[in-house]
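Enquirer: Sequence:
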Amino acid sequence: MNDTATVITGWSVVSPYGFGSESYVDGLLSGGDTARPVGGDGSALPDARACTVPGLDPAAILDGKGVRHLDRASQLALATLSDLVDHDLDTGERAGLVLGTALGSVQTEMDHMRASLKGRRPHLLDPKTLASGTMNCAAAQCAIRFGITGPNTTIAGGRAAGLHALDYAGRLLAAGRAGRVIAGAVEEYTPARAWLTHHACSRRLERLGEGGVLFRLEPPGAREPLAHVLAVSGRVALGCDLPAAVVACTQDLLDRAGVAPGDVWAVLDAGGSLRERAAVAGLVGPDALTRIPAADGIGDTGAASAAFAVATALGIATRWPEAAGRHVLVMATDPNGAVSGALLRLGGA
1 MNDTATVITG WSVVSPYGFG SESYVDGLLS GGDTARPVGG DGSALPDARA
51 CTVPGLDPAA ILDGKGVRHL DRASQLALAT LSDLVDHDLD TGERAGLVLG
101 TALGSVQTEM DHMRASLKGR RPHLLDPKTL ASGTMNCAAA QCAIRFGITG
151 PNTTIAGGRA AGLHALDYAG RLLAAGRAGR VIAGAVEEYT PARAWLTHHA
201 CSRRLERLGE GGVLFRLEPP GAREPLAHVL AVSGRVALGC DLPAAVVACT
251 QDLLDRAGVA PGDVWAVLDA GGSLRERAAV AGLVGPDALT RIPAADGIGD
301 TGAASAAFAV ATALGIATRW PEAAGRHVLV MATDPNGAVS GALLRLGGA
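The opening position of the sequence shown corresponds to residue 1 in the UniProt record's numbering, with each subsequent residue numbered one higher.
Careful, some of the hints might be misleading.
Pair ranges (Cβ atoms, derived) [what the hints assert, rightly or not]:
(1) E322 x R49: 54 to 64 Å
(2) G31 x C240: 29 to 39 Å
(3) V236 x D41: 18 to 28 Å
(4) G348 x G42: 41 to 51 Å
Just so you know, the hints here were simulated from the structure itself, not pulled from any lab data. No experiment lies behind these values; they were computed from the predicted model shown. Each residue gets a CB set at the ideal place from its N, CA and C atoms; glycine is no exception.
Go ahead and model the full structure; you've got the sequences and the hints to work with.
Expert: This is the structure in structure tokens:
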């Protein structure tokens, strides 16, 4: 993909800092910690605190019926979309939606499994919650409630899910399948996710977080661009050599966009270790990795991690004039060996 294919013309965030992009950027620049006590409803949790979204009340935001029966990931996605969608332009059959996730709502899936195993009959499940057990529930609910009748896709991709969504959205635009696409990722904090993460990585230091990030992507010329998506790429680390895969992915992004390593102004990393960060620094220089503050205060946002990194770049561009026209590299790595990256050129130049 090159800079003639896709531009970002709008974005919205629901994060532990609150609702909206302004709240997110204010919290990001303040460096505040958003960890709050969890488990107040009596749920047994491995964590005493987590970075959760405060005051999430979808019914109040959307003024719709049946919202409270939805899983938390769907509620977060709907709340995020409500702050972005332009009902005159972002709806109808020429509008698409691509949403990144990890596994959908793990909490709902486990609740259904438990109810099926312990109930009087395995098929006697609550019909109001069945839809939430499907991975594409959040994307479907967004499309239904906001009238987005074009292509609708859910992509599972771990921490890089948001980057996969950007890439897929660019392909839809390039193929003429849609005139504009809303793309991003969402992640929920629930007891099920907390326990799964705890057992998978009991030594983790970062608190779990949650939230949703969505971007409006369009062909150039539609609206004033906030950023150009120059390239999106991915690699798989063979033999657990993540640093080598990160370098290969970064070099591919630079080659496809025609950008020199020295022209990368900032690097934002989602999930990488010190080894992966050092590998990127060896290619683009160490200063690029510290130029933009990381969103450490919102915790590990799982499938939304890379999308939050892109949001960080866009947010910084609204506050720092020197960011205009700069190249920003967003990288995402998963312990399973998946590596993805996106190269952006910020607007405002």
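Enquirer: All hints, please: hold or fail.
Expert: Taking the hints in turn, this is what the structure says about them:
1. Between E322 and R49 the beta carbons are some 36 Å apart, a value that contradicts the proposed interval 54 to 64 Å.
2. For G31 and C240, the Cβ-Cβ distance of about 33 Å falls inside the hinted range of 29 to 39 Å, so the restraint holds.
3. For the pair V236 and D41, the beta carbons lie near 40 Å from each other, so the given range of 18 to 28 Å is not met.
4. Checking the proposed 41 to 51 Å range against G348 and G42 shows it holds: the Cβ atoms sit about 49 Å from each other.
In summary, the structure is inconsistent with hints 1 and 3 from the numbered list given earlier, while agreeing with the others.
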